[in-house]
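There are 2 protein chains.
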Amino acid sequence: MKKNILRLKIIQIFRKHLLSKKDSEICTDYLIKAELVEAKSHGLVRLKMYCDRLQKKLINPRPKIKIRKISSSISHIDADNSIGFVSADIGIAQAIKNAKRTGIGLVAIKKSGHFGLSSFYAEQAVKKNLIVFCFTNAPPALAPHGAKKSLFGTNPICFGVPTGKTPFILDSSTSLINRGKIRQAHKLGKKIPYGVALDKSGKITTNAKKALDGTQLPIAGFKGSGLAWMVDILSGVLTGSNHGGKIKDPFDDFSGPQNVGHLFITIDPKVFVGKQFMKEIKKNIKLVKRLPKAKGFSSILYPGERKNKLYKKNLNKDISIPKKILKEINQLHAV
Amino acid sequence: MKKNILRLKIIQIFRKHLLSKKDSEICTDYLIKAELVEAKSHGLVRLKMYCDRLQKKLINPRPKIKIRKISSSISHIDADNSIGFVSADIGIAQAIKNAKRTGIGLVAIKKSGHFGLSSFYAEQAVKKNLIVFCFTNAPPALAPHGAKKSLFGTNPICFGVPTGKTPFILDSSTSLINRGKIRQAHKLGKKIPYGVALDKSGKITTNAKKALDGTQLPIAGFKGSGLAWMVDILSGVLTGSNHGGKIKDPFDDFSGPQNVGHLFITIDPKVFVGKQFMKEIKKNIKLVKRLPKAKGFSSILYPGERKNKLYKKNLNKDISIPKKILKEINQLHAV
Numbered sequence: 021m022k023k024n025i026l027r028l029k030i031i032q033i034f035r036k037h038l039l040s041k042k043d044s045e046i047c048t049d050y051l052i053k054a055e056l057v058e059a060k061s062h063g064l065v066r067l068k069m070y071c072d073r074l075q076k077k078l079i080n081p082r083p084k085i086k087i088r089k090i091s092s093s094i095s096h097i098d099a100d101n102s103i104g105f106v107s108a109d110i111g112i113a114q115a116i117k118n119a120k121r122t123g124i125g126l127v128a129i130k131k132s133g134h135f136g137l138s139s140f141y142a143e144q145a146v147k148k149n150l151i152v153f154c155f156t157n158a159p160p161a162l163a164p165h166g167a168k169k170s171l172f173g174t175n176p177i178c179f180g181v182p183t184g185k186t187p188f189i190l191d192s193s194t195s196l197i198n199r200g201k202i203r204q205a206h207k208l209g210k211k212i213p214y215g216v217a218l219d220k221s222g223k224i225t226t227n228a229k230k231a232l233d234g235t236q237l238p239i240a241g242f243k244g245s246g247l248a249w250m251v252d253i254l255s256g257v258l259t260g261s262n263h264g265g266k267i268k269d270p271f272d273d274f275s276g277p278q279n280v281g282h283l284f285i286t287i288d289p290k291v292f293v294g295k296q297f298m299k300e301i302k303k304n305i306k307l308v309k310r311l312p313k314a315k316g317f318s319s320i321l322y323p324g325e326r327k328n329k330l331y332k333k334n335l336n337k338d339i340s341i342p343k344k345i346l347k348e349i350n351q352l353h354a355v
Numbered sequence: 021m022k023k024n025i026l027r028l029k030i031i032q033i034f035r036k037h038l039l040s041k042k043d044s045e046i047c048t049d050y051l052i053k054a055e056l057v058e059a060k061s062h063g064l065v066r067l068k069m070y071c072d073r074l075q076k077k078l079i080n081p082r083p084k085i086k087i088r089k090i091s092s093s094i095s096h097i098d099a100d101n102s103i104g105f106v107s108a109d110i111g112i113a114q115a116i117k118n119a120k121r122t123g124i125g126l127v128a129i130k131k132s133g134h135f136g137l138s139s140f141y142a143e144q145a146v147k148k149n150l151i152v153f154c155f156t157n158a159p160p161a162l163a164p165h166g167a168k169k170s171l172f173g174t175n176p177i178c179f180g181v182p183t184g185k186t187p188f189i190l191d192s193s194t195s196l197i198n199r200g201k202i203r204q205a206h207k208l209g210k211k212i213p214y215g216v217a218l219d220k221s222g223k224i225t226t227n228a229k230k231a232l233d234g235t236q237l238p239i240a241g242f243k244g245s246g247l248a249w250m251v252d253i254l255s256g257v258l259t260g261s262n263h264g265g266k267i268k269d270p271f272d273d274f275s276g277p278q279n280v281g282h283l284f285i286t287i288d289p290k291v292f293v294g295k296q297f298m299k300e301i302k303k304n305i306k307l308v309k310r311l312p313k314a315k316g317f318s319s320i321l322y323p324g325e326r327k328n329k330l331y332k333k334n335l336n337k338d339i340s341i342p343k344k345i346l347k348e349i350n351q352l353h354a355v
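Note that the protein sequences, when read in sequence, are chains A and B.
Using the numbering used here, you'd call the opening residue of the first sequence number 21 and step up by one each time.
Using the numbering used here, you'd call the opening residue of the second sequence number 21 and step up by one each time.
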């Protein structure tokens, strides 16, 4: 579908679900951006879910988002059950402001929801020449090391750095595979890779539905489990949001709002070494890139480069939408 | 060896290498603590290396460590090529002070050296009821994703949280195995596990020497490589220290000081939710611990619990020292 037409349609859908014009545009642009970077699991496949939750009043279409100033560096945001995109957009703007003012920003958001890709928010801080961490927790998907039941989300660690060129943005879930990819495989009737998830009984499965009912495996066993736990503490416990497996699955559980938490830490890289920082980060990247390549590699990419290339490649193309999703969009639009 | 006697001996060895009484005690206590938590790869096995570098003036025994105040939250420390223990000890004390004052502390240390286990410093902040990140970079040991040569260190991610009981302290290297463990296997003539390291030609090896000459594998491929890169940027590029594979191996390379960097971020967990934080973190841990256990597990431990148990178990016991290390200690003491 032509991007303009698609964009207008999605905005209209959000408007029909009572979001303001501005918030409808924010949500739409993040969803389309996920498509452009080919993170389709965070794109249009989620539109119906967001609308379902808006309709059931589990997402507040007109939230009164409150920013509480704790210091020039620290802010606490009550998102009033807003859609995640909107509160995270406000939150990262505040974190940028705080770091620009004092060298370091710390912004916690409570009572929010799924906000798409963490890298979207990291990118905004990096484009303002800041280093940034973005943390968010998610519904149970991973079993803690030693347990046979899911409790942690796939809880990503997202870290961004300005490079003078394409932003360095690591956005790494603590699971071997993103849950969104399993959801999409399930939606499209495809299999998932071997060895990334277990069924209910604890056996490895390539069936997407069984994996969703079972549990995913963390990266590197105890280490990945610990990193997922860290993200749950930072996003959930610290911010005053749900944690410890209490975040509801947005697709399956309509018994209440999600109360997802986000935490943004922003650092002005100039505080310690001034302008030297940009010289050194460029040198750092050059040193890595010129290493001898492993078999099958013609170049070494830093985190964020691949997504950036995809974005540029897709920016002026039509967006291809699977039939099933297209039908959903048309139904939502027709209401 | 009796702990008291060993402690006195090591202090005397550091004194003979011109460290002040206070600094000798600091270094000794960190080395012995590594033995007590059974992280032997970070314990006495390194004593001779530190002494060799002190003797060759690559570690400055009487550094003039300067703390530059950037704001009430942010400090930059020039360690003047001190032994890592001493500058990190000063750095974490400063980071604690800053967070107690403003809610958030950010302390960068440049011109430092290997500081033992990151968890030692995290623990100090956690015992003052702070959340803490400790980052440090290290000599080349891991090949970036797509490269066939080492460049990143095993660059640990260390994160601590107060729990009201044993501190939650995740201290996770970004390699599948700690380099210290390979060094120790080499020193003691033992094999390393299969699948954690490659030899020079890129083949999996269980020979410790070949692994040291080759490259270690990161956790989770591109993700672990990205996390190691993140730690290199935070510890090296941001602080004004060596980075991009330029940190010298302390055991093999005596051509100059290491110029390792450390970065500490401290957060007062009460800033957002006040006293509720301690209630919620206890609830979080309880929720995880009561999950049904996987086969082979009788309980679920959080990061830091195992080391804490080992510490308590070993605290009043003699420290067993391999013959080879004992000989080194006696030789260093006899000089």
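A hint or two may mislead.
[Claimed, not checked] 16 Å max Cα-Cα, derived EDC-like pairs, lysine to aspartate or glutamate:
| id | chain 1 | residue 1 | chain 2 | residue 2 |
| --- | --- | --- | --- | --- |
| 1 | A | 315 | B | 219 |
| 2 | B | 207 | B | 272 |
| 3 | B | 337 | B | 58 |
| 4 | B | 29 | B | 219 |
| 5 | A | 42 | A | 55 |
| 6 | B | 266 | A | 219 |
| 7 | A | 60 | A | 338 |
| 8 | B | 329 | B | 98 |
| 9 | B | 315 | A | 219 |
[To be verified] Far from chain A, by Cβ distances over 10 Å, these chain B residues were calculated:
| id | residue |
| --- | --- |
| 10 | 46 |
| 11 | 55 |
| 12 | 77 |
| 13 | 130 |
| 14 | 185 |
| 15 | 239 |
| 16 | 252 |
| 17 | 269 |
| 18 | 287 |
| 19 | 297 |
| 20 | 308 |
| 21 | 320 |
| 22 | 323 |
| 23 | 330 |
Think of the hints as simulated: they come from the structure by calculation, not from any bench.
We put the CB at the ideal spot given by N, CA and C, even for glycine.
Do the hints match the structure? See the list:
The suggested pairing of residue 315 of chain A with residue 219 of chain B holds, with an alpha-carbon distance near 15 Å, which does not exceed 16 Å. Between residue 207 of chain B and residue 272 of chain B the CA atoms are separated by roughly 14 Å; this keeps the pair inside 16 Å, and the hint holds. Between residue 337 of chain B and residue 58 of chain B the CA atoms are separated by roughly 12 Å; this keeps the pair inside 16 Å, and the hint holds. This hinted pair does not check out: residue 29 of chain B and residue 219 of chain B have alpha carbons roughly 38 Å apart, beyond 16 Å.
Between residue 42 of chain A and residue 55 of chain A, the direct Cα distance comes to roughly 20 Å. Violation of the 16 Å bound is thereby established for this hinted pair. As the CA atoms of residue 266 of chain B and residue 219 of chain A are separated by approximately 45 Å, the hinted pair breaks the 16 Å bound. Between residue 60 of chain A and residue 338 of chain A, the direct Cα distance comes to roughly 14 Å. Compliance with the 16 Å bound is thereby established for this hinted pair. Distance hint between residue 329 of chain B and residue 98 of chain B is unfulfilled; the C-alpha atoms sit about 35 Å from each other, more than 16 Å.
Restraint check for residue 315 of chain B and residue 219 of chain A: the C-alpha separation of about 15 Å stays at or below 16 Å, so the hint holds. Here residue 46 of chain B stays apart from chain A, with its beta-carbon at least about 25 Å from theirs, past the 10 Å limit. Listed as a non-interface residue, residue 55 of chain B keeps its Cβ farther than 10 Å from every Cβ of chain A; the least gap is roughly 22 Å. Distance check for residue 77 of chain B against chain A: the nearest CB is about 26 Å away, which clears 10 Å, and the non-interface claim stands.
Listed as outside the interface, residue 130 of chain B is inconsistent with that label: its C-beta sits roughly 8 Å from the nearest C-beta of chain A, within the 10 Å cut-off. At roughly 15 Å, the least C-beta separation between residue 185 of chain B and chain A is larger than 10 Å, which holds for a residue marked as non-interface. In this structure residue 239 of chain B is not separated from chain A by more than 10 Å, as the shortest Cβ-Cβ distance comes to only about 4 Å. For residue 252 of chain B, the condition that its CB be more than 10 Å from all CB atoms of chain A is violated, with the nearest at approximately 7 Å.
Under the 10 Å C-beta cut-off, the non-interface status given to residue 269 of chain B relative to chain A holds; the minimum distance is some 17 Å. At the 10 Å boundary, the C-beta of residue 287 of chain B falls inside the reach of chain A, the nearest C-beta of that chain being 7 Å off. The beta carbon of residue 297 of chain B is not kept farther than 10 Å from every beta carbon of chain A, the shortest such distance being approximately 7 Å. The Cβ of residue 308 of chain B does not lie farther than 10 Å from every Cβ of chain A; its closest approach is about 5 Å, which violates its non-interface assignment.
Not every CB of chain A lies more than 10 Å from the CB of residue 320 of chain B, the least distance being 4 Å, so the non-interface label is violated. Consistency note on residue 323 of chain B: stated as away from chain A, yet its beta-carbon is not over 10 Å from all of that chain's, at 4 Å minimum. The Cβ of residue 330 of chain B sits about 15 Å from the closest Cβ of chain A, beyond the 10 Å cut-off, so the non-interface label holds.
When held up to the earlier numbered hints, the structure conflicts with 4, 5, 6, 8, 13, 15, 16, 18, 19, 20, 21 and 22 and fits the remainder.
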